[in-house]
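Chains A and B supply the protein sequences, listed in that same order. Take 1 as the starting number for the first sequence in the working numbering and just add one per residue. Take 1 as the starting number for the second sequence in the working numbering and just add one per residue.
Treat the hints with care, as some may be off.
Quick list of in silico lysine-lysine cross-link-like pairs, PhoX-like style, CA-CA up to 25 angstroms [as the list claims (entries may be wrong)]:
hint	chain 1	residue 1	chain 2	residue 2
1	B	K84	B	K57
2	A	K8	B	K20
3	B	K19	A	K72
4	A	K72	B	K57
5	B	K63	B	K125
6	A	K30	B	K84
Okay, the calculated bits of chain B under chain A, using three or more residues with CB under 8 angstroms as the criterion [to be verified]:
hint	stretch
7	22 to 34
8	66 to 76
9	136 to 150
10	176 to 187
Distance windows between CB atoms, simulated [stated by the list, open to error]:
hint	chain 1	residue 1	chain 2	residue 2	range
11	A	K30	B	P188	40 to 50 angstroms
12	A	A107	B	R60	27 to 37 angstroms
13	B	R60	A	L109	48 to 58 angstroms
14	B	G67	A	D35	39 to 49 angstroms
15	A	D35	B	D141	26 to 36 angstroms
16	B	M90	A	E31	22 to 32 angstroms
17	B	K134	A	S40	47 to 57 angstroms
18	A	R27	B	D49	31 to 41 angstroms
19	B	K20	A	T22	14 to 24 angstroms
20	A	S116	B	N64	44 to 54 angstroms
Treat the hints as calculated values from the structure; they're not laboratory data. From the three backbone atoms N, C-alpha and C, an ideal C-beta is built for every residue, glycine too.
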Amino acid sequence: MKKNNITKAEYLSSVLDDEAGTFEQRRILKELQQDDSMLSKVGNYSLIGEVLRNEEIPHVVQSNFLAGIQDKIANEETYDKTHITTNKNKLLNKSWHKPIVGMGMAAGLATIAIMSFSLISPPEPLQQQVDQSEGVNMIATTDEVDITTSSDPKVWREITKSYVEQHSKNAPSAMSSVRFVSYSSSY
Amino acid sequence: MGNSQTDLELVRLVQAGEKKAFDVLVLKYQQKVINIVMRYVRDQSTANDISQETFIKAYRGLKNFRGDSAFYTWLYRIAINTAKNHLVTMKRRLPLTDIDAQQAEQYDSATSLREIASPENELQKDEVHQAIIKSVQQLPDDLRTAISLREIEGFSYEEIAEAMGCPIGTVRSRIFRAREAIEEHIAPYMT
Numbered sequence: 001m002k003k004n005n006i007t008k009a010e011y012l013s014s015v016l017d018d019e020a021g022t023f024e025q026r027r028i029l030k031e032l033q034q035d036d037s038m039l040s041k042v043g044n045y046s047l048i049g050e051v052l053r054n055e056e057i058p059h060v061v062q063s064n065f066l067a068g069i070q071d072k073i074a075n076e077e078t079y080d081k082t083h084i085t086t087n088k089n090k091l092l093n094k095s096w097h098k099p100i101v102g103m104g105m106a107a108g109l110a111t112i113a114i115m116s117f118s119l120i121s122p123p124e125p126l127q128q129q130v131d132q133s134e135g136v137n138m139i140a141t142t143d144e145v146d147i148t149t150s151s152d153p154k155v156w157r158e159i160t161k162s163y164v165e166q167h168s169k170n171a172p173s174a175m176s177s178v179r180f181v182s183y184s185s186s187y
Numbered sequence: 001m002g003n004s005q006t007d008l009e010l011v012r013l014v015q016a017g018e019k020k021a022f023d024v025l026v027l028k029y030q031q032k033v034i035n036i037v038m039r040y041v042r043d044q045s046t047a048n049d050i051s052q053e054t055f056i057k058a059y060r061g062l063k064n065f066r067g068d069s070a071f072y073t074w075l076y077r078i079a080i081n082t083a084k085n086h087l088v089t090m091k092r093r094l095p096l097t098d099i100d101a102q103q104a105e106q107y108d109s110a111t112s113l114r115e116i117a118s119p120e121n122e123l124q125k126d127e128v129h130q131a132i133i134k135s136v137q138q139l140p141d142d143l144r145t146a147i148s149l150r151e152i153e154g155f156s157y158e159e160i161a162e163a164m165g166c167p168i169g170t171v172r173s174r175i176f177r178a179r180e181a182i183e184e185h186i187a188p189y190m191t
């Protein structure tokens with residue numbers, strides 16, 4: 001118990017010299033508020049420093065000095081309510097219009113971009129786009145076999161194999177998938 | 001006495017509604033503030049009142065304190081202005097050698113101290129002073145050197161460690177033990 005007190009006071013000494021880490025500093029300052037004996041050390045250490053620095057007789061601070069201040073600020077409002085609420089209100093007042101303005105600007109830019117794109121590059125006929133796309137060839141290949149009428153598993157396997165090969169060739173980064181749908185109950 | 005992450009942390013705590021943290025700031029700076037105020041007024045009782053007013057004004061003004069300057073500089077400025085306002089109110093002359101907040105840090109209060117009245121105050125001041133000086137002289141060499149380098153020369157712990165050729169932890173311990181030993185000597189006068 002005594003050892004703990006000594007350690008605490010030692011940390012207080014270094015906190016007052018600004019030589020403790022943030023964690024210890026916060027811990028000690030928190031503890032100071034509940035420990036009057038530690039609190040009195042703050043005044044004493046400060047007095048010792050003053051005397052050593054000035055090498056002169058210090059003014060003796062009256063014992064009721066702190067109590068007088070405590071009495072006078074006892075009725076003062078604590079900060080968190082007034083100070084923080086005011087800031088919060090300011091933030092609230094400022095913040096509501098920002099997202100709306102931002103969204104409006106973004107929407108405007110998007111509209112302009114779409115319109116410009118449409119004007120600069122008129123759409124090609126759909127069939128021409130399809131012909132230029134290799135990916136669609138794969139679909140065209142699959143369309144050459146009438147899957148719906150074929151019941152031969154070999155045909156299905158070939159179609160699947162062909163699809164997977166083309167998929168790997170044309171879109172290696174995308175995962176290929178094949179979905180078979182049948183309404184037949186004969187197999 | 002540097003500023004002070006500790007001061008800023010205490011200010012932050014007060015601003016967060018922890019009034020008790022302000023007590024620490026009062027205890028830490030009461031001596032200094034009274035010394036400054038005594039430069040303007042010669043009566044100790046009046047100086048105490050002005051110093052108390054200084055701290056109350058500081059408490060009220062903490063909501064506007066942003067930490068742009070050091071807390072103690074800001075506090076000393078309040079002390080000087082409060083003392084000056086008092087003199088204006090009392091229609092007295094301002095001291096011929098005016099000081100500002102920065103100078104106040106190095107202020108040597110000897111002149112005004114010697115002019116203070118009240119025999120009891122004088123006796124007590126002298127006793128406290130003697131007790132501190134005597135106890136420092138009685139300290140073992142390593143403790144006396146450590147506390148002197150810290151308080152008189154204003155060295156950091158790292159600089160003291162280098163000067164004394166020991167680890168920082170040892171420096172911290174020596175300074176603390178020196179303070180404890182001195183505090184023991186002045187304790188009878190502080191009640």
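Going down the list of hints, with the structure as the test:
Distance check on the hinted pair: K84 of chain B and K57 of chain B sit about 14 angstroms apart at the alpha-carbon level, within 25 angstroms; holds. A threshold of 25 angstroms between alpha carbons decides the hint, and for K8 of chain A with K20 of chain B the separation of about 18 angstroms falls inside it, so the pair holds. Taken as a hint, the K19 of chain B and K72 of chain A pair is honoured in the structure, with Cα atoms around 12 angstroms apart against an allowance of 25 angstroms. Among the hinted pairs, K72 of chain A with K57 of chain B is consistent with the structure: their alpha-carbon atoms are about 11 angstroms apart, no more than 25 angstroms.
For the proposed pair K63 of chain B and K125 of chain B, the alpha carbon gap of about 36 angstroms is over 25 angstroms, so the pair is violated. Of the supplied pair hints, the one linking K30 of chain A and K84 of chain B is violated, its CA atoms being roughly 35 angstroms apart against a limit of 25 angstroms. Under a criterion of three residues with beta carbons nearer than 8 angstroms to beta carbons of chain A, the stated coverage of the stretch 22 to 34 of chain B is upheld, 11 such residues being counted. For the stretch 66 to 76 of chain B, the stated coverage by chain A is violated: 0 residues have a C-beta nearer than 8 angstroms to a C-beta of that chain, whereas at least 3 were required.
Only when three residues or more bring their CB closer than 8 angstroms to a CB of chain A does the claim for the stretch 136 to 150 of chain B stand; here the count is 4, and the claim holds. With 7 residues bearing a CB less than 8 angstroms from a CB of chain A, the stretch 176 to 187 of chain B meets the requirement of three and the coverage assertion stands. At about 30 angstroms, the CB distance of K30 of chain A to P188 of chain B disagrees with the hint of 40 to 50 angstroms. Between A107 of chain A and R60 of chain B, the C-beta spacing of about 48 angstroms breaks the proposed range 27 to 37 angstroms.
With their beta carbons about 49 angstroms apart, R60 of chain B and L109 of chain A fall inside the hinted range of 48 to 58 angstroms. For the hinted restraint 39 to 49 angstroms between G67 of chain B and D35 of chain A, the CB-CB distance of approximately 26 angstroms leaves it violated. Between D35 of chain A and D141 of chain B the C-beta distance comes to about 32 angstroms, which sits within the given range of 26 to 36 angstroms. Remark: the range hint 22 to 32 angstroms for M90 of chain B to E31 of chain A is contradicted by a beta-carbon distance near 42 angstroms.
K134 of chain B and S40 of chain A have their C-beta atoms about 21 angstroms apart, which leaves the hinted 47 to 57 angstroms range violated. At about 35 angstroms, the CB distance of R27 of chain A to D49 of chain B agrees with the hint of 31 to 41 angstroms. Under the hint 14 to 24 angstroms, the C-beta atoms of K20 of chain B and T22 of chain A, about 20 angstroms apart, fit the expected range. Checking the proposed 44 to 54 angstroms range against S116 of chain A and N64 of chain B shows it holds: the Cβ atoms sit about 51 angstroms from each other.
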